[in-house]
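Undergrad: So the protein lines, in turn, are chains X and Z.
Here the first sequence stands for residues 1 to 116, numbered as in our numbering.
Here the second sequence stands for residues 1 to 113, numbered as in our numbering.
Any given hint could turn out to be false.
Claimed, not checked - Result set (DSS-like, lysine-lysine): computed pairs, CA atoms no more than 27 Å apart in a straight line:
id: 1; chain 1: X; residue 1: K49; chain 2: X; residue 2: K68
id: 2; chain 1: X; residue 1: K58; chain 2: X; residue 2: K42
id: 3; chain 1: X; residue 1: K49; chain 2: X; residue 2: K69
id: 4; chain 1: X; residue 1: K115; chain 2: X; residue 2: K58
id: 5; chain 1: X; residue 1: K115; chain 2: X; residue 2: K69
id: 6; chain 1: Z; residue 1: K13; chain 2: X; residue 2: K58
id: 7; chain 1: X; residue 1: K68; chain 2: X; residue 2: K58
id: 8; chain 1: X; residue 1: K69; chain 2: X; residue 2: K58
id: 9; chain 1: X; residue 1: K42; chain 2: Z; residue 2: K13
id: 10; chain 1: X; residue 1: K42; chain 2: Z; residue 2: K26
id: 11; chain 1: Z; residue 1: K13; chain 2: X; residue 2: K49
By construction, these hints were calculated from the structure, which means they are not laboratory data.
Listed below are the residues making up each chain.
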Amino acid sequence: AQSVTQLDSHVSVSEGTPVLLRCNYSSSYSPSLFWYVQHPNKGLQLLLKYTSAATLVKGINGFEAEFKKSETSFHLTKPSAHMSDAAEYFCVVTPPLGNQGGKLIFGQGTELSVKP
Amino acid sequence: DAGVTQSPTHLIKTRGQQVTLRCSPKSGHDTVSWYQQALGQGPQFIFQYYEEEERQRGNFPDRFSGHQFPNYSSELNVNALLLGDSALYLCASSSGLGYSPLHFGNGTRLTVT
């Protein structure tokens, strides 16, 4: 079975410092992986996706993530946090295509706080 | 270009009642998926509609049902509401049944008292 684990429920950083949000996945196949962001009282916005091409994926707003198969990880990073980055972040994995097409499996989420 | 729109934004219902939530997909999309997001949790997949048929279903009871119309819009119905049904209900649209990126609406906040 496939699953995704976000290792931190809450991360707090100062504005201008790096951001690291950790995600591990377990899967019997090579999944597609995504990071979504959710601002308060808003829907989910796709930050970036990995679909077996380059292992370093660049997304919107300066975020990027690196797929490491040996570590089954897909950590999200940003060199310098901005106040507007404060939100809930979800690591997401896909089930096998053809079996669960369109269904996404979400992690529990990591709340990012950014201090001035 | 309108994105995914959901209505209503907020809803308060009493236990045992029934509720209908509505979703219009992003222009050009023909597939609608519904998710339930309980407070402090990640979204959980309820079901997906394509060509007016339910194509996939998550681990939700039959009290949760849906419909897709010829214009691709969709409804989520929940019968015999329980307190535990209180959540943010998210609609997502995409193109086809593959893994084209999902576009989410802002959700409907359902409170069951």
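Undergrad: Hints first: check each against the structure and report whether it holds.
TA: Taking the hints in turn, this is what the structure says about them:
{"no.": "1", "hint": "X:K49 / X:K68", "result": "holds (14 Å)"}
{"no.": "2", "hint": "X:K58 / X:K42", "result": "holds (23 Å)"}
{"no.": "3", "hint": "X:K49 / X:K69", "result": "holds (15 Å)"}
{"no.": "4", "hint": "X:K115 / X:K58", "result": "holds (24 Å)"}
{"no.": "5", "hint": "X:K115 / X:K69", "result": "violated (33 Å)"}
{"no.": "6", "hint": "Z:K13 / X:K58", "result": "violated (43 Å)"}
{"no.": "7", "hint": "X:K68 / X:K58", "result": "holds (15 Å)"}
{"no.": "8", "hint": "X:K69 / X:K58", "result": "holds (17 Å)"}
{"no.": "9", "hint": "X:K42 / Z:K13", "result": "holds (21 Å)"}
{"no.": "10", "hint": "X:K42 / Z:K26", "result": "holds (16 Å)"}
{"no.": "11", "hint": "Z:K13 / X:K49", "result": "violated (37 Å)"}
Of the hints listed earlier, those the structure fails to meet are numbers 5, 6 and 11, in rising order.
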